[in-house]
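These protein sequence lines map, in sequence, to chains A and B.
When we follow the numbering used here, the leftmost residue of the first sequence carries the number 1, and every step to the right adds one.
When we follow the numbering used here, the leftmost residue of the second sequence carries the number 1, and every step to the right adds one.
Simulated from the structure, these hints should not be mistaken for laboratory data.
Possibly wrong hints are sitting among the right ones.
Selected chain B positions facing chain A (in silico; Cβ < 8 Å) [to be verified]:
no., residue
1, VAL27
2, THR49
3, ILE50
4, LEU52
5, ALA53
6, GLU112
7, THR114
8, THR190
9, PRO191
10, MET192
11, GLU228
12, LYS267
13, SER268
14, TRP269
15, GLU307
16, GLU309
Straight-line alpha carbon distances no greater than 27 Å define the calculated DSS-like cross-link-like pairs of lysine-lysine that follow [said to hold, decoys possible]:
no., chain 1, residue 1, chain 2, residue 2
17, A, LYS453, B, LYS46
18, A, LYS308, A, LYS233
19, A, LYS187, B, LYS267
20, A, LYS233, B, LYS145
21, B, LYS45, A, LYS322
Since the structure is predicted, the reported quantities are computational estimates derived from the model, not experimental observations.
Note that beta-carbon positions come from the ideal geometry of N, C-alpha and C, so glycine has one too.
Listed here are the chains, written in short residue letters.
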Amino acid sequence: METKLPPASTPTSPSSPGLSPVPPPDKVDGFSRRSLRRARPRRSHSSSQFRYQSNQQELTPLPLLKDVPASELHELLSRKLAQCGVMFDFLDCVADLKGKEVKRAALNELVECVGSTRGVLIEPVYPDIIRMISVNIFRTLPPSENPEFDPEEDEPNLEPSWPHLQLVYEFFLRFLESPDFQPSVAKRYVDQKFVLMLLELFDSEDPREREYLKTILHRVYGKFLGLRAYIRKQCNHIFLRFIYELEHFNGVAELLEILGSIINGFALPLKTEHKQFLVRVLIPLHSVKSLSVFHAQLAYCVVQFLEKDATLTEHVIRGLLKYWPKTCTQKEVMFLGEMEEILDVIEPSQFVKIQEPLFKQVARCVSSPHFQVAERALYFWNNEYILSLIEDNCHTVLPAVFGTLYQVSKEHWNQTIVSLIYNVLKTFMEMNGKLFDELTASYKLEKQQEQQKARERQELWQGLEELRLRRLQGTQGAREAPLQRLTPQVATSGGQS
Amino acid sequence: MAVAAGPGSGPGSAGGDGDDSLYPIAVLIDELRNEDVQLRLNSIKKLSTIALALGVERTRTELLPFLTDTIYDEDEVLLALAEQLGNFTGLVGGPDFAHCLLPPLESLATVEETVVRDKAVESLRQISQEHTPVALEAHFVPLVKRLASGDWFTSRTSACGLFSVCYPRASNDVKAEIRQHFRSLCSDDTPMVRRAAASKLGEFAKVLELDSVKTEIVPLFTTLASDEQDSVRLLAVEACVSIAQLLSQDDLEVLVMPTLRQAAEDKSWRVRYMVADKFSELQKAVGPKITLNDLIPAFQNLLKDCEAEVRAAAAHKVKELCENLPTEGRETIIMNQILPYIKELVSDTNQHVKTALASVIMGLSTILGKENTIEHLLPLFLAQLKDECPEVRLNIISSLDCVNEVIGIRQLSQSLLPAIVELAEDAKWRVRLAIIEYMPLLAGQLGMEFFDEKLNSLCMAWLVDHVYAIREAATNNLMKLVQKFGTEWAQNTIVPKVLVMANDPNYLHRMTTLFCINALSEACGQEITTKQMLPIVLKMAGDQVANVRFNVAKSLQKIGPLLDTNALQGEVKPVLQKLGQDEDMDVKYFAQEAIHVVAQKLRELDLPVKDSEEYCAAGPDKNHCLRPGMAGEDTGKEEAAVRDIQSPCKPRFGDTSEASINNGCRHWLTESTLLFLLHSLSCTDTRTQALDPESQLRPHLLHPLLHLPLVPLLFFFCLPYSSQIQLLGPERVSETFWHLLWNLNLAGEQSILVSLRWEPFCCTGIVGNRCCLRVSRSVLRNPAVGI
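Isolated chain B (complex conformation) (with noise of 0.2 Å):
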């Protein structure tokens, strides 16, 4: 042997071998047939590497033999399997050798569970484009038949997704044999399958000669658009796209037009909404003509559809329909066929429609110029700028630049102001904040000093808004005003007013000086960053409460790289070491990190600092419990590499924590502590559990907690953190809650429940409503409370 090695051959290669002996089949085999479905999993997900260990010789002869035998195993490391085969050519000896994939493809093909079966279609089409043109005819081939005529239906739907990729080198016989199984299919018995022909129908018309598109895929789009389901009637409709770019003019309106008028008015509303959804494609495939004469009308229709979903669909569509029309004619064809329609879904009942209308309409100003739009379309925005649903006013809002080329924004703007107040101060948090963050987007637009004028106090209002979502975001809001306007404004305007707010009683409006000087002090430049903001932050190095001190440490940190050299060894070095000897180990926690940095900083000046003065941030805390974001980082990582199949909601542990710390948000339970606490007590995936390598602290962290009151004790904790808990996303947060609850609850903890207070977490968003009524369902409905 020695062989491959010969050339290259360092002396490590020449044993390189050799190593094949270490390592019998048996062995990996073992391994790939470990009692632990994660080991089985991780060693399958490494196949290639036991591939590459055995040769291409005994790859093909003992280890794919060894996969086709033992196909029945857990979804997840099947799905691994099939991914795997599909880059396996190479491994098995290259394109010769590729049909030797196709035995345990073929099973996987077969099975159950549709990730599985899709990834190995996937697989196979992939490895089909390796197969020489013979081998296709001789191996590739008889598995798609074979396929097309198994038993199951889920061999069948998987046949479905192969014949478009063998059929363009296959010869005439075949192909005609190929058709055959194909029409087949398209009048399976089973639905399932006839789904699965339909849906690749346009694909498979694409590859077929245009005679047999005619002849053949044509009667089959008629059957499968007339089917008795209207699952399958829908998919016929993605196929006329395809079948439609195909055929010429004369022959689209004889052959394909009947039956595409016919979905346009089908009885099933999801016909219908699959035809207003691929609107703008189908007008594509049809060309211009037919689109004035047929689609046109369609689209009217569909505009006043009776059920919503199919409106909104449509509305969606107007500008995308609309730009597409040929130019010469168009504004007639809009201002006398589209827009009476348009003008009635502004006020329809359903705000889903009105709100898919909003985020099109104004892209119709450009189509259709100035004088119209001022006419016509302006009394269309204004009235949905005054519409009681907010992500109507949002959208309109959101795609304000459309209007601004045409007609300029002033046009607008004495609407528009109420409406932007409205939206900044409504009562869900998401609409302030979505709001905010068109704010830069609307200042260039209407200029310094009408923003000056209307919109700055708000925007300084949103700096003690009490959700810190959006007081971090107007830090960021207020960074990209500068970017806009200039240092100049921000001195004149931004910065005292943050500044002032460093005196507040509220820790909270402290911080968030500290966090709009971190945002504001690299836009506002050296100057003043140390003449203005670096007097306030070292002033609050004094402050009572730790969050703010250690928040300066790390406030100090950024805006050190910006500091001349006498600023930071006299001012700022002298501060963070005070905070350095802090009795809150945070803080010094932070002074050291912070202190770690400067020295850095004042190395590359080329000045020299004593190394007893740079700590070498004192590595993370050993106390998980205080510090979970240290560990955390890991978590993050590890938890990412394994793929988590059933637990969308679980709380990343990693992210969460990191936030938290950077958010200065800390009490002696952490709310990602508390976070995970909570997600302890309601885990129940021994998988996730035994990832997380602080499993180990569960009992500890546990333990002690559970003979107190738990409840009353963690919305104790909550109370402090709303505003961080919101960043998580009510969804997760309330699925975490909703577990915990439920669990005590079944465990009897009447007290704790009775005692339940839910206004302040509803009132601030963290919880859902959702979870809330589920929980007060699930109270009542235990006998032991009886509330």
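Pulled out of the complex, with its shape left as it was, chain A reads as follows (with noise of 0.2 Å):
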């Protein structure tokens, strides 16, 4: 038969139906490697599938399901899985076209079948549907097209076979759904392993296949209670490789859309395994390049915990300000609004042990030249909740401040910020006029000091400088023979003495 041949030998189609129109080939500009490799032909997808298919058997229409009387029906139930187990070349478009149609056919009917008439789900099948629905999902995901592939502005690769995967998946969602489906059955079936399989599949660059995965994984989250822990470590084990090996994994929004949903159901206290995922997984994941895919979920992720325990406030603020973004201005204005959300939910003794640090980070970046990182942060003070807790707490946050508003508001090239700094500066004078003056008056003193501060730091350096190089000469003049390891040597000397 056709798919067995390896497709690279076959002569693919150009046209496959179900791709995404391939772009008319450059003739502008030819120098991105990307914009060659949109040029060539689309290669095989599903192709990893085939290699493992040999002599594949002609499908014949079998009866439908609701023809044949109940005794008959789990045998024949059987055969239509076993058909639909069968697997096709989807990039030949022509290839087996009937097989393709046959298949089509039986997986409609099964979906309509087990969402709709009762009593179909027994034991006896349910080896035979999790091995079709195995054989069907679980591939190796083909590389990607473009290595550089970003989420945000490229178009994905879309699945080949999703005629027929769309289907597989509504089944198995169906499957889950149903009234009949009794977990402590499945529960042999659908184990670890399989779990596993199925997190791996959320690296796809199809996002209709992402959308069914995430719907599923939260079913089998909900009805497997022994494969939760489990499901939460994988998830886990994802978002570390992600943040720490890979920074390439397409599924990280719908996971934690998965995990947002998880947390607010956690119980109260929370158990220390789910603070070590709020510090050591969901704020390192802060870091990553591609936060923009994902940082909406992330932020109601981080949200979420600090609504059940408003103690972590503190580790989280401070993980943030460790991982605040220093050339990437567009991950800064989404920090900015995390926070915001935070300081939301914040409460007043939790404010008062971040406050300084906090607002150190955002005035600098009212001070960034972007205006739209200098113009969220000043957002904050049109926050009637932030703006209260800043008063209540003048004290530190004026003077944590206030060198940064009055440099910048002489300096901004643009006229908003400036005009925004002058009304923050403004809340601050009534506020507390006092502390306002006092600081004014001391602004040029301050400046002073740093100055002269920096002056006795290089005088310092300077000092330290020139005496490792006398002790350095000294040994050279004290020793001939030269000296591989100069430096010890002589501190190994003046040590001992």
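Both chains are given apart, each in its own frame, so use the hints to dock them into the complex.
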């Protein structure tokens, strides 16, 4: 059969259905590697699946499920499930059209049947169902066509076998949601290995597939109590790998969305495991380059945690300050947004603990030459709850931000920012005029002190450097033989004496 | 005190030790604790100076405990610390005290950030060598054990890298324990740890006794190679190379080969890719016999793998594989078992596969000899020379020398020529650039006659290419050709054509003449330079375009040393002096520089030079706006000194400005200013900004411009510089543009965005499509614009 041949040797037809429209070959510019990649023909996606499917039999349509007597229903169901376990090459869109149609019809019928007919899901069909699902959905995802795939900008590669795959996912979902579904039976087949492979599929580039996976994983988490801890742990591993090893995983947003609802259901007091998840996984996730893709979900998770347990606030805010973006303004705006969400739910007792480092950072953002960052930071003063917190702690907050505000108000290039800063300064003046006047008076002096300090620092280092050189020379004079490790030698002799 | 200083001792060093008291630890620690990250980082980088000031004793008792306690800091600071501590043994009192460094490094080896951890492990490995065997067992091994049984995965991953350094010097009991710990890490619950263990498995196997390798490492290898995660399995392939080297043929067959065979057919393409990627190493490690029986069939499968990535990796290894086969029977094996698969790859659907193959296929000709090459390989070469993908053709052309040795290039030349011509006229300038670089090689292979007949006109056409990078490469190419074919050839074929361009109406072409002269003068020698080139250069001093005039000055400076005194004194100097009075300040500047050089040359020739004639190159302009290059020269250094962590797309101001000045591009806003401007508009990094001595300039530069319709303005200025901007590469420019436009877009400058016209930039390849796409999308997304 055609499908047996490795796709490399079969001439793949240029226009497969279900693919995103191939852009016209770039004429204008061809210098980025990417555009070269675009120009080449799409290649086999689901090819890996065919490697192991030999001697494919021809599919013949079976009678409809509703047409057979109840006694033969389950036997027919098994045969249909077996039929649906046959895989087709979707890259070759004309290959085995009949077989594809038979399988599609069978899948449709199965979806219909498991969703509406009661009494179909009896114990013996479980292994067949899970086998059919596994064969269809579990596959090694193909290499990404575009190594610098940017989920925000690039068109994703859609799964060519989606016409079948979608029905399989739909069937799986209906199966899980069926009133007849018995987790106690299914757990023999939906085991840890199954869940692990399911999680690996979240890396799929096809958003439609990830959407199904999200709902399915959510149901699995809800129905299989024994797998919950395992799912959480594997999610952790995926995230940690994403943060520290690969920086590439397509399904982070979806996984976080599920976790958001999981966190929502955590019992109080929070277990250490969960707190650790927040501090060691969720917070470092902020450092990832592609934060914008999943920031909304991530911020939701973080705020959920803080609503559960306010004592975590300090950890979270210090963590965010540690990972504060240094070169990416887009991310900085997101951080400021998240910070405001956190401040919206912060308890005054927690605010006191972090106000100083926090507002120093806010002040740095105000002085950003990117007006959007400055603007976003200044909007904090429009938030009434934050304003009341600032007012209550004016004695600490004002000194932390005053110098920067004062300086930026004179120097910023953007008029909107300057006027916003004036408003903020005015608010401060009204809050605590006395302190404001004091700070204004001491501003110059502080500037001078800073300069003085810088000068002293320079002298200190100069002195240290001279000392080092003198010692080097000292030994060189003392020992004529060239020494390989001059510095240590000096240090040793100096110390022993 | 005053001890070490004693013997060698000048008066200065006597006071040296007394200085210790001047620097109480508190002051130094204050520096390490400074609120400003940058200052903290600077202090950490000079940690050795601090330790030196404190002396070994206090470094051990005061500094190290402080460092151990305050390990919570920015990752960048921690990275610097981890690096410093690796070289600290001497500063704490030599090998006897090396163990003092372990506590801070142990904490660093457990932090989250991979880079820091890796550096800490590297330092620990370094320090382990300085431990005495006793200290190693007393301090280092316990540390490894602690890390290996740490709670969080970070410490366990770090531990994996430390086993192999402490194992060889440990006693037998301890060795058993170490092996035990390694075993448990290989079956760790966390995939991160298993990956770390798998990647160190080969290294660890090498230091183990052969028995232990067989009884312990091989089972570990087998388990890891069948791990549930493909990321672990593929690392086991790497380990396979090291393990295979240690075992005898019989053991290999029994212990390793089943796993390797399985890996070559793994269901994950990543594992198969790894096998293909490591193929040569594997081949060497398992020896010729197993290669023939097992690896060749596996290789055939990889060459027809269903994933292009795997095929490309395998195609890369074709030549090495064939080279490493035993000479006896090699030809038969290649002809019967490899070549059929290669033939298929030549018409592969994926261009990366074909490109990979094209980069090595020519190497086969030396292995197969003349007859086979002509009969079997030549058709493949010719097919690839006609390939639709330019990279395939380029790869073939770039390795022509291999074929030349075997069959002579004449066999190919008929097909070669159309291929070269097509590449030379490719729409993509990078392709043209690549083929230019092979011209000298081709010229050498094809000979002067063939070259003159067929290729010379191409070389001249490149001189008037509309992309600067091509014109520049074309000038260099001419120089290399002259070196190859000699001055007589140059005088007859090249020089007249170059000099004719001096009268071209396009000033860019006139400048190309000057650049050619710069490049050719040395190769052509004094006579041609003085007689033919110099008059043209001098004539161009009256050009109406300032850019041409100051390039005349620069050319004169360049060819000055070649000329004799008469020419210098009588012809060059008057012209330069006239240029020195030019109304344009850039012309003046370069003329003065040239006068300086010429004067020096004259002085060397013992001719009296009046002091007044020698301008002391009137110092760089103070006007940064006009001459950013001057200020930029220092910036470059400074910037390089400070590691720029996260901004790969930042245009290096120093580089670009220098390049731009050399290229003689000039306007009231030079393109480096422009780029700087673009960058500063989009620059959002406060740290790099702080490093930029010119950041003071920003408000002045921006302020007036922001009130103008900025983008049309920028575009207006960019267009003449399109070729210069290309030097930066499209990625950097498009990033910069993109940032700028993103900002503007969000600033709501609709009128500007609507008037955007991208075509000229796309056509010249300045801004990548990606950038265009992004900008146009973001424009579309902006409701205010509503295109």
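Taking the hints in turn, this is what the structure says about them:
no.: 1; hint: VAL27; verdict: holds, 7 Å
no.: 2; hint: THR49; verdict: holds, 5 Å
no.: 3; hint: ILE50; verdict: holds, 7 Å
no.: 4; hint: LEU52; verdict: holds, 5 Å
no.: 5; hint: ALA53; verdict: holds, 5 Å
no.: 6; hint: GLU112; verdict: holds, 6 Å
no.: 7; hint: THR114; verdict: holds, 5 Å
no.: 8; hint: THR190; verdict: holds, 6 Å
no.: 9; hint: PRO191; verdict: holds, 6 Å
no.: 10; hint: MET192; verdict: holds, 6 Å
no.: 11; hint: GLU228; verdict: holds, 6 Å
no.: 12; hint: LYS267; verdict: holds, 6 Å
no.: 13; hint: SER268; verdict: holds, 5 Å
no.: 14; hint: TRP269; verdict: holds, 6 Å
no.: 15; hint: GLU307; verdict: holds, 6 Å
no.: 16; hint: GLU309; verdict: holds, 5 Å
no.: 17; hint: A:LYS453 to B:LYS46; verdict: holds, 19 Å
no.: 18; hint: A:LYS308 to A:LYS233; verdict: holds, 21 Å
no.: 19; hint: A:LYS187 to B:LYS267; verdict: holds, 26 Å
no.: 20; hint: A:LYS233 to B:LYS145; verdict: holds, 25 Å
no.: 21; hint: B:LYS45 to A:LYS322; verdict: holds, 20 Å
In the structure shown, no violation is registered for any of the earlier numbered hints.
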